[in-house]
Every structure is written in C-alpha cells, then in structure tokens.
Amino acid sequence: MQHYSPAVEKVLDHMSEVRSGKLDLSWMNSNPGGWGVRATPRDERGLGLEDLNQVGTYGDVPDYGGEHGSMAPRGAEVPPNTPALGCYDINDKSLVWADNVALLYDEAVARQWSSARDIPWDKLKPLPDDLEKAMCQLCTGLTEVEFIAGDMPAKWMWHINHDFHEVKCFLATQIADEARHLEVFRKRALANGGGLLKASPGSEQLLRAIIEAPDYTTASSLMHILAEGFVLTLFRNGEMLALSEVEKKIFRLCMQDEARHVAYGTMHLKYFLEKHPERAEDIHEILRQGEEAIFGLSMEPQTSEPRAILAGGGVDHIFEGMAKLSYLYTKQVREYLHRLKVAGLDRSSRLAIPLELPS
Numbered sequence: 005m006q007h008y009s010p011a012v013e014k015v016l017d018h019m020s021e022v023r024s025g026k027l028d029l030s031w032m033n034s035n036p037g038g039w040g041v042r043a044t045p046r047d048e049r050g051l052g053l054e055d056l057n058q059v060g061t062y063g064d065v066p067d068y069g070g071e072h073g074s075m076a077p078r079g080a081e082v083p084p085n086t087p088a089l090g091c092y093d094i095n096d097k098s099l100v101w102a103d104n105v106a107l108l109y110d111e112a113v114a115r116q117w118s119s120a121r122d123i124p125w126d127k128l129k130p131l132p133d134d135l136e137k138a139m140c141q142l143c144t145g146l147t148e149v150e151f152i153a154g155d156m157p158a159k160w161m162w163h164i165n166h167d168f169h170e171v172k173c174f175l176a177t178q179i180a181d182e183a184r185h186l187e188v189f190r191k192r193a194l195a196n197g198g199g200l201l202k203a204s205p206g207s208e209q210l211l212r213a214i215i216e217a218p219d220y221t222t223a224s225s226l227m228h229i230l231a232e233g234f235v236l237t238l239f240r241n242g243e244m245l246a247l248s249e250v251e252k253k254i255f256r257l258c259m260q261d262e263a264r265h266v267a268y269g270t271m272h273l274k275y276f277l278e279k280h281p282e283r284a285e286d287i288h289e290i291l292r293q294g295e296e297a298i299f300g301l302s303m304e305p306q307t308s309e310p311r312a313i314l315a316g317g318g319v320d321h322i323f324e325g326m327a328k329l330s331y332l333y334t335k336q337v338r339e340y341l342h343r344l345k346v347a348g349l350d351r352s353s354r355l356a357i358p359l360e361l362p363s
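In this text, residue positions in the sequence shown follow the numbering used here: the first is 5, and each later residue adds one.
Source of the hints: derived by calculation from the structure; they are not laboratory data. Incorrect hints may appear among the rest.
[To be verified] Simulated crosslink set (PhoX-like; lysine-lysine; CA at most 20 Å straight-line):
1. Lys129 - Lys253
2. Lys97 - Lys279
3. Lys14 - Lys26
4. Lys127 - Lys253
5. Lys328 - Lys252
6. Lys252 - Lys127
7. Lys137 - Lys202
8. Lys159 - Lys172
9. Lys252 - Lys129
10. Lys328 - Lys97
All chains, please: the whole structure from these sequences, using the hints.
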C-alpha cells in the first residue's frame, strides 16, 4: 500500500468526506459586504481597471497594505490562516502610488503594438554610409538604455504589497513596453545593411545610478522623470532625426509608451512629496547625481555626434546638426524642470547642469 505524507493524507481524507456528501460551502457566504456589485464600462473603450474601482469598496486603496502579506485580492475575505509570502515589505501606499495609475494601465493595454507588424520595414532604403552609421549608432545607444526601465520595475515589483495591484499591473506593462523598445531599436540597427556600433560608458553610469538607487521613489524619480523624460522629448522631436517612415513610426510609437511612464513617475513623486515633504532633499540629491550623469552621457561622442549627423543631414553638415541639438537639449531640460514643478519640486535654481549649451 502506498504511503503519503500527512499533508496529502489530510487532503485525501477531505476528498472522502466530500464523496460522502459532507460539503463545506462556507465560501458562498463569505465577504457579504463585497457581494452584489456590477462594474460597468465608463465609455466605448470597454471595462477598464479604473472602472472596477468605482464599485462598492473595491476601489478603497488602503494607506497601508494588508498585514497578511499574501496575494489575496484586495476586497476579498482573507482567512486568518492565510500564509504570508514573506516578500512584501513596501506596504506604505505613498511609496509607490500615483492617482493616475489605473487609467495609465488601461491605456497601456489598449495601445500595445508590435515591432514586427506595425513598423513598415519594407520602406527601408539604402542610405549613404555616414547616415546609416549615425542611425545605427543612435539605435545602439537606445538599445543599451531602454531596458533599464524594465529592470528597475522588476527589481521592486515583488516587494510591493499586493493591495496596490494597480501599480504592479502598470509596471508590468512598462516592462513589456521596454522589451519592445529594446527589440525595435536592435531591429533597426540590423535591418538596413548596418549593425550595432559602440556602447556607452556614460549610459552605464546613469543606468547604475538608477538600478542602485536606495529606494523605489528615488529610483523612479531618476528613471521616470529624468531619464525617460529626456528620451520622451527626443522621441517627440524624432522628425529631426528620422531618415524614413520607418524611424518616424518607431519614434511615434515609442513616444506614446514613454509618455505613460513619465506621467506615472511625475504623479507618483507628487503623491509621495505630499505625504513626505521632509524627503524633498533626498530627491534633490539623487536628481543632482542623475543630472550630472545624463549631461555626461548626452555630450559623449557616440551620443552627440550621430544625432548631429542625423539632424544636419550628413557628416558634412554636422555643425548645423549640433545647432539643432542645442535647441533639443534646452527643450529636454525645460520639460524636465516643468515636470518636477508639477510634482511639487522646484529645481530651477538648483539645476546641476547648464540650461543651455555654450554656443
């Protein structure tokens, strides 16, 4: 006769009781306060995550996540013997929350795109060597930096209390977005007779600051507002650098993704500072470090020169391109400062880098 562990024997005994007609069914009477709801779509886009937060108490996000430390859904009845997972140590809502996060998740899942299907790769044409090399170097740099916005959320997500599932769902879409960005820029580098060129030590300095940030909010401020903010402005001005409909479409699609990430980061910092104004100096200091790193990265030859060649229309017009990049840089900094002001942090008098490049 086969012997089983006590745990398995206990389940087998329960199965025997069920077969004899002894059903439990207590679950049918659980959570009476959460029964009888009917979520409805707010518009023609369908039933969204935000819509679920408009019914009953299901949208009541606690200031502190449940002490049970399990993955039990927020709003469900949690039995007292539910085991904790032992990993959720970000239990304070203010450390991760943004009031726009559920809406951003709904937008993210509605606007997913495919780099295989949605980019007109057949429109790529042979280019002069200097322009193809410049585009491939730009794509090398973007391939290098894009997935920090996947690695950083992945580092923190499993620490976040499951009662804040809206944040975790949104960050999961960000990871998917950044995988697609890495993929699409790598594809562009390899799709037109060129290839990957030179990696960037300056990029690694900034990426390291993000991944090693001491807590989620400082990491988010560095990544969502500073780094992704600079990239968002770059993509919004992608017409300056694009050589064909292929690059234009890539920049437009990546731009809509980056805009969500930046919007979350800005509103998260706003929520955080409203709850913890005493932490403003910590944010100032981490942003000072990030500003210095991103300035060094922006002025690296493998970053600035290919962009100038693309903006000028060729290596013979690189200095005209540099003048355009000077305008772009100032726009990046001004938009970054504006986002911080929206979040409740004024760095206009404490900016660690020039507002405008020397002429």
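Hint consistency between Lys129 and Lys253 [alpha-carbon to alpha-carbon, up to 20 Å]: holds (15 Å)
Within 20 Å, alpha carbon to alpha carbon, are Lys328 and Lys97? Not satisfied, since the Cα-Cα distance of roughly 43 Å exceeds 20 Å.
Proposed proximity, Lys279 with Lys97 (alpha carbon, max 20 Å): Given that 20 Å is the threshold and the Cα spacing comes to 10 Å, the pair holds.
Holds or violated: Lys159 and Lys172, Cα atoms, limit 20 Å. holds (12 Å)
Is the straight-line distance between the alpha-carbon of Lys127 and that of Lys253 20 Å or less? With a Cα-Cα distance of about 11 Å, the restraint between Lys127 and Lys253 holds, given a limit of 20 Å.
Restraint check for Lys137 with Lys202, where alpha carbons must lie at most 20 Å apart: OK: Lys137 and Lys202 at ~11 Å, within 20 Å.
Compare the distance between the alpha carbons of Lys252 and Lys127 with 20 Å, and conclude whether the hinted pair is satisfied. Holds, at about 11 Å.
Between Lys14 and Lys26, is the straight-line Cα distance small enough, at 20 Å or below? holds (15 Å)
Taking only the CA atoms, is the gap from Lys328 to Lys252 under or equal to 20 Å? holds (18 Å)
Check the hint pairing Lys252 with Lys129 against an upper bound of 20 Å on the C-alpha distance. The hint holds at about 14 Å.
Hint compliance for this structure: hint 10 alone is broken.
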